[in-house]
Amino acid sequence: MPEPQARLTSVTKVFETPQGAAVHALGPIDLALERGEFLTVVGPSGCGKTTLLELLAGLTVPTAGVVTFEGEPLGGRVPPGVGVVFQEDASLPWLTVWDNIAFGLRRAGVAAQEIRARVDRAVDFMGLGAFARAYPAQLSGGMRQRVCIARTLVLEPRLILLDEPFGALDQQTRLLMGDELLRLWRESGATVLLITHAIDEAVMLADRIAVMSARPGRIIDLVETGWPAQRSSRIVEDEAFGRLTAHVWSKLRAESMKALGRDQVGVSRE
Amino acid sequence: MSRIVRAQIGAIASFIAVLELLTRLGVIDRLTMIPPSEMAGQLWRLLTEGALNAPMAQTFVNVALAFVLSVSVGMASGLAIHALPRLRRLADPLLASYYAVPFFVFYPLLIAIFGLNRWPLVAIGFVFGTAAVVIATLNGLDRVPRVMRKLARVHRLGRIEEAFLIVLPAAVPHLFTGLKLALAYAFIGVIAGEFILSGSGLGHAIAYAYDSFDNETMYALMLFVLVLAIALNAALHLCEQRLLRRRRRA
Amino acid sequence: MSARAAERSPTIRRVGDTGALVIIALFLWQGLYELVGDVALTPPIATFAHAGSLLRSGPFLRHLAATADAFAVSVAIGSFAGVAAGLALGFHRFSGEVAEPILTALYTLPKVTLYPLVLLVFGLGISAKIAFGIMHGIIPVILFTMGAVRNIEPVHLKTARVLRLSPWQTVTTVLAPAVIPEIFTGLRVGFSLTLLGVIIGEMFASQRGLGFLVINGINTHDVPTMMAVILLIIIFAIAASSLLLTADRSLHRRG
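Residue numbers (the numbering used here), protein chains in the order written: chain A, 1 to 270; chain B, 1 to 250; chain C, 1 to 255.
Honestly, I wouldn't trust all of these hints.
[Unchecked claim] Taking beta-carbon pairs under 8 angstroms as the criterion, some of the chain A residues facing chain B (in silico):
1) A57
2) E88
3) A90
4) P93
5) G104
6) R186
[Claimed, not checked] Here are a few chain A residues that face chain B, going by a calculated C-beta distance under 7 angstroms:
7) L59
8) F86
9) R107
10) Y135
Bear in mind the hints are in silico, worked out from the structure with no lab data behind them. Backbone N, C-alpha and C fix where the C-beta goes; we use that ideal spot for every residue, glycine too.
Could you build all of it, start to finish, from the sequences and the hints given here?
Shown next as structure tokens:
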């Protein structure tokens, strides 16, 4: 059995507020990401989804438990081979689209010819050909996210983490971007973890869905979708889609109500 | 040209025209003000005669020194204060009440310390401008979007790489604001200082002309300083526009 | 109170930080004095003592009164005229947009350029000082007031109409609370700048007032008086501006 791409073992994360109170944000969580799978994480707001992603990326360290990537514990650094697409727009406004995409490659010391080849290919792949010399300020939100995705892809990561990448987009654009993401996943063979609050998106894209509880976030269900690899947004027509969506919502509903009713201060229950 | 710009040009032109009229008609007497056209004519004469070369050079050097000092010290301090929270806690009350202090009161003190030369002038311009640079630098560093810092870690940039490749470009708009303020303040500080108590420079030339009842020279110089200030500020403004044009949301 | 509890209270922290700053400043002052000597500076303790004695001396108090008079009038006229102009320019959009760049440009000009003109028009004396003060402080008042008016949300006005408020009620319950914080900030900035203007005016255009005393100290080599007056001016400036800042902050919090 090959080593999972990444694994969280009994991971807990507790934050300290500036006033000194302890916020139990996440955990304990046990999760193994199988190589090449597409896993979505869905949960009510504030449940720690972003924290989960940052733990997997090495952007933050767990308060308890171990996070490993390809068998090696992370130790607070982002390992090579991991790519992240953030929720906020992380395109660099002072660089052209082309230079944005090339950004990571240049830092990694890749040869100039190789950089040119890879970036040109990514620009093509993501449909950014007409905008290669433009600046992010001249693009729409969806295009800018594509730039960020392209920038991640050119580094050929083995694990791609996406934090609500389509959150700022309208529903229809979202579905189309989802199709593109599936295409990229198939072509790259990478493992993908995508966080979303939209249940239909979670069900449509995933091999497995991790359903999270309200804070402190724990995984209350892992749903296998059984979708074929060659899927697209048209999967919404499948009968199983409705069943799965209903199932996920039934798990989430109570948690969402809890999250909604929670007071704003967020001090630990103890 | 938009309506607004036309209105602005119109307003300024009318103002000058009214002044011209009132001074020529004697409603404003010559001892108070000379017509703007004569101001310009006199200025032209002085420039072509080279009479302004010496004071210009003096003022220019003073302003340049004050500007360079306040920008370098200001940015370095801003970086340091941003990096050290304890230092920032000390600096915050200082920066908050900084511009409440009428700095010109220190001018005689600086003369007592440095003597009656250019250094009190440079010091005043420096003191005036530095806080603005520090505040602008802190602003710029504070406002680097958090997601960009996370990006730096995802790409495993070292601290120096992060500073030059992400923090600096992201902060440039604010840093430029600091630059504009530093220049304006250096100019104001130096000229005011020269006017109040100095032996050379454009400010002194104005005061001397005033004391000698030489209205023609005085107004010519005042016009010159005005034009100079506007030109300097406009130049920096244009630089800023060009630099940041591509970043603006269309 | 335990150290940790002191850590938590922001007011105590701020006082502590300011205290530390003051102590550092005093040390630097003393150090500078050691370097430069009696010819240029007086040390902290001596200066405070001299300031104290000045405050008890009649002649000084007359100078103080001269400055205070000019300052008070400048602030009053500048604030009133500034707010009025700012309101007018804020409500009449076109004029506001035309005026704003011109005002901003005037703000960055060395106002010293206009001093001779002011002197020629007003002569030497208190009117010139008042003119200087107003000249320095009025523009921020106008700009901030303009900004405050322009930032009134249309939706607030619509809400007032839906609630069928009378014009007076609209002004007092919707408009005033919306604009007062920004206007106050403008007044606060104008306050400090007006003080600067009045003192500069005294430095070369008057025989009375604190600014005159400072310059006079140079001419008569009376370093202790010069330093004591500077100290008093600075203490006043910082104390007044801190009070205004606190008021400003609480106004903004409520808004």
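Hints, verified against the model:
{"no.": "1", "hint": "A57", "result": "holds, 7 angstroms"}
{"no.": "2", "hint": "E88", "result": "holds, 4 angstroms"}
{"no.": "3", "hint": "A90", "result": "holds, 5 angstroms"}
{"no.": "4", "hint": "P93", "result": "holds, 4 angstroms"}
{"no.": "5", "hint": "G104", "result": "holds, 5 angstroms"}
{"no.": "6", "hint": "R186", "result": "violated, 23 angstroms"}
{"no.": "7", "hint": "L59", "result": "holds, 6 angstroms"}
{"no.": "8", "hint": "F86", "result": "holds, 5 angstroms"}
{"no.": "9", "hint": "R107", "result": "holds, 5 angstroms"}
{"no.": "10", "hint": "Y135", "result": "holds, 4 angstroms"}
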